[in-house]
Amino acid sequence: MTAVLDAPSSSTLSARPGSGARRFKNRLATGLITASFGVALIPLVWLVWTVVSRGIHVIFAASWWTTDQRGQTYRSGGGGAVHGILGTAQQVLLCSIISIPIAILVAIFLVEYGTGRLARVTSFMVDILSGIPSIVAALFIYAVFITTFGGKRAGYLVSLALVMLMVPVIVRTTEEMLKLVPNELREASYALGVPKWKTIARIVLPTALSGVITGIVLGVARVAGETAPLLILVGYNSNVNNNPLSADPQGSLPGFIYNEFQNLGSKFALVNGKRTEVHYAADRMWGAALTLIVIVMALNLLARLIARRSKVTN
Amino acid sequence: MTEREAMTEPRRTGGPPQDGLVGSDPIETVTAESPTRSAEIRPDTADGRGVVGSALPQSMAGVDELPPVSGAGSPSLGTPSGRVRRGDRIFYLLATGAGVLTIALIALVAAFLVVKGFPAIRDDKQNFLFSRGWSVNGADLRFGVVDLLYTTVAISVLAMLLAVPVAIGIALFITHYAPARLARPVGYVIDLLAAIPSIIYGVWGIIVLAPVLEPVQRFFYVFDVIPLVADKGYARGTVFNGGIVLAIMILPIVTAVSRDVFERTPRANIEAAWALGSTRWEMIRLAVLPHGRPGVISGAMLGLGRALGETIAITLILSTVPAGKPFSWSIFNGGETFASKIANASAEFGDPRQTGAYIAAGLVLFVLTFAVNAAARIVVNRRKEFV
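Protein chains in written order, with my numbering: chain Z, 3 to 316; chain D, 173 to 559.
Honestly, the hints are just simulated from the structure, not real lab data. The model shown is predicted, which means the values in this text are computed figures rather than measured ones. From the three backbone atoms N, C-alpha and C, an ideal C-beta is built for every residue, glycine too. Each hint should be verified, as a subset may be incorrect.
[What the hints assert, rightly or not] Quick look at which bits of chain D chain Z covers, simulated, 3 or more residues with Cβ under 8 Å:
(1) 266-280
(2) 305-313
(3) 396-403
(4) 497-503
[As the list claims (entries may be wrong)] Which chain Z residues stay away from chain D? Per the calculated CB distances, all over 12 Å, these:
(5) Ser65
(6) Arg77
(7) Val84
(8) Phe111
(9) Ile130
(10) Thr150
(11) Val242
(12) Lys276
(13) Thr278
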């Protein structure tokens, strides 16, 4: 990061010689520019506050972390988010297993081998991939696996759609990191007669490891909250389903939020024979939202910590 | 195979082309040729591969300062003869294969969307591109994308118009106003906005933000005669509503790209502006903004690309408009974007003919985002080559 360039003793030099209009414009611009940061801060604080204040009492219940929503309706309190947490974890894990090797190889190709046209096109396509809307990725997987091959909606299809979103994130972070590895390290290795592949696998990658892990963690954070592929590719299940490969519906945290959002309208239940307004669906929705935010933010924080301990820096 | 054996064997073709190495004395190749070779490669590697504008803000900063990476020569550099070691070949093929896979993936997406969407477009009883209405449940398919296109573009452009000025402001604040100690945390805070899952933006946008925006919307009804702000009877869940939430969502990416270019304003330009006695704002107008313009434009377009494809937040926020209502330009109207149309219909996917109509809508969205993203990247990469 370049240092902020300061006016040579700005307070005396730049403010004085200006006419009133110039000074006013300068003040106005400073005010507006500082205010723009405040403008961005408002929604962030507001949103986080909303989710925390409405969801915190939900996630502090022990049953939230130990039970699923089996047999629960909008009329009953209780149950937890285990089905969602497990489902999201499995889908993301499966997605990571597929994405990580591909993404690291693409990054290696771009940095270590890519000099020609192919590398340029690949780099461009990684950019395009990072801009593909998640719903289009999901439609593509649907068109291939369900329309063409006659498959059924299942958790693993979600993982496949998420691969398309995760790969570019890991490629870009890994690529930046590989480029920071000093060339002298490679040359020293070649000078010792170490083959190129071994140099990459044993020297370059370990040096850039923290960057690679940062990319993976950011990739996980990116896909964990994706909802659009869930709508198209897997049904929602309020019970735990531990097999993303089966053609059964599978719960997930975003799916849980979406499902409870649909229940928000049903507010009235008979309690002791009296029609009473209940908020169980809303509670669950905010609870799931808070759980998801906590997980994603924790992952982002983790990524930053790992990045900070990196061996190579710019 | 030992190195000595390798040296005596003829060079096997099939590896990557190594012009300088073929036919020359094997020993000399290593001692004399390889250093020049890697030196030769440097310049075109450094500018040939534009990698600015990654999805990750923190990875974008400072690419300029890197030493040019040579890719360290050919895959066979370690071997004395031109013969490529087996491990190297496998590794090379794997890495290249992964690169080709990425390209193939995009091609496959396009191919499958075309192949699966085209029959529905062919059976469409009305013009797919230039008509309104969406009825795919009956015996006849009748659907057109005009309504979807208008809502998608209106909501995204609104988001872009709101987000870009604020993003420029934040980027300037981080790069040229905030004290160095504050700049980094401010950047983190903006990146946090990108970390929040979009479904949570959607839930917050419709439940918490929409009621607050209602009076603002009512205020604009004063100008009811202007079609753009006409009262259509939707208090919440309007394009206006969705546009504001989208603006918050795309703020981080536009900020990241703008920040990246503002940071790289040539020092000489800034100092020249100071030397002319500029105020800080005049310095920014003279030096920083002109230099950063292409970057800001491409950042805005990347944001637009995000906004066009955003699905779940918009699906939760936008109220759908019943079929048969007359077309309206108003941003205080409900509606559906391409993405939210597909998401809303996801439960009834099944019949391939009907699904084909949605896949066709997805195809239009794909083309739209591809075009916008490609344009943005080309602007970034071209600028990268000359700076």
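Query raised in the report: Regarding the assertion that Ile130(Z) does not contact chain D, is the least Cβ-Cβ distance greater than 12 Å?
Result: violated (6 Å)
Query raised in the report: Counting residues of the region 305-313 of chain D that have a beta-carbon nearer than 8 Å to any beta-carbon of chain Z, does the count reach 3?
Result: violated (count 0)
**Report entry** 12 Å cut-off, C-beta based - Val84(Z) kept clear of every residue in chain D
**Finding:** holds (19 Å)
Query - Minimum Cβ distance from Phe111(Z) to chain D greater than 12 Å, as the annotation requires - result: Non-interface label on Phe111(Z) violated, nearest chain D Cβ at 4 Å vs cutoff 12 Å.
Report task. May I ask you to check that Val242(Z) keeps its beta-carbon over 12 Å from the closest beta-carbon of chain D? Result -> holds (21 Å)
Query raised in the report: Against chain D, does Lys276(Z) keep a CB gap of more than 12 Å to every residue?
Result: holds (27 Å)
Report task. Please confirm whether Arg77(Z) is truly not at the interface, meaning its C-beta sits more than 12 Å away from all C-beta atoms of chain D. Result -> At about 21 Å from chain D, Arg77(Z) clears the 12 Å cut-off, so the statement holds.
Query raised in the report: Is the nearest Cβ of chain D still more than 12 Å from the Cβ of Ser65(Z)?
Result: holds (23 Å)
Query raised in the report: Thr150(Z): least C-beta distance to chain D exceeds 12 Å?
Result: At roughly 7 Å from the nearest Cβ of chain D, Thr150(Z) sits no farther out than 12 Å, so the non-interface label is violated.
Requested in this report: Report holds or violated for chain Z covering the region 497-503 of chain D, Cβ cut-off 8 Å, minimum 3 residues.
Outcome: violated (count 0)
Requested in this report: Given that the region 266-280 of chain D was listed as covered by chain Z, double-check it with a C-beta distance under 8 Å for 3 or more residues.
Outcome: Since three or more residues must qualify, the claim that chain Z covers the region 266-280 of chain D holds, with 13 doing so at under 8 Å.
Query raised in the report: So is Thr278(Z) really clear of chain D, every C-beta pair being over 12 Å apart?
Result: holds (21 Å)
In this structure, the hints that do not hold are numbers 2, 3, 4, 8, 9, 10, in rising order.
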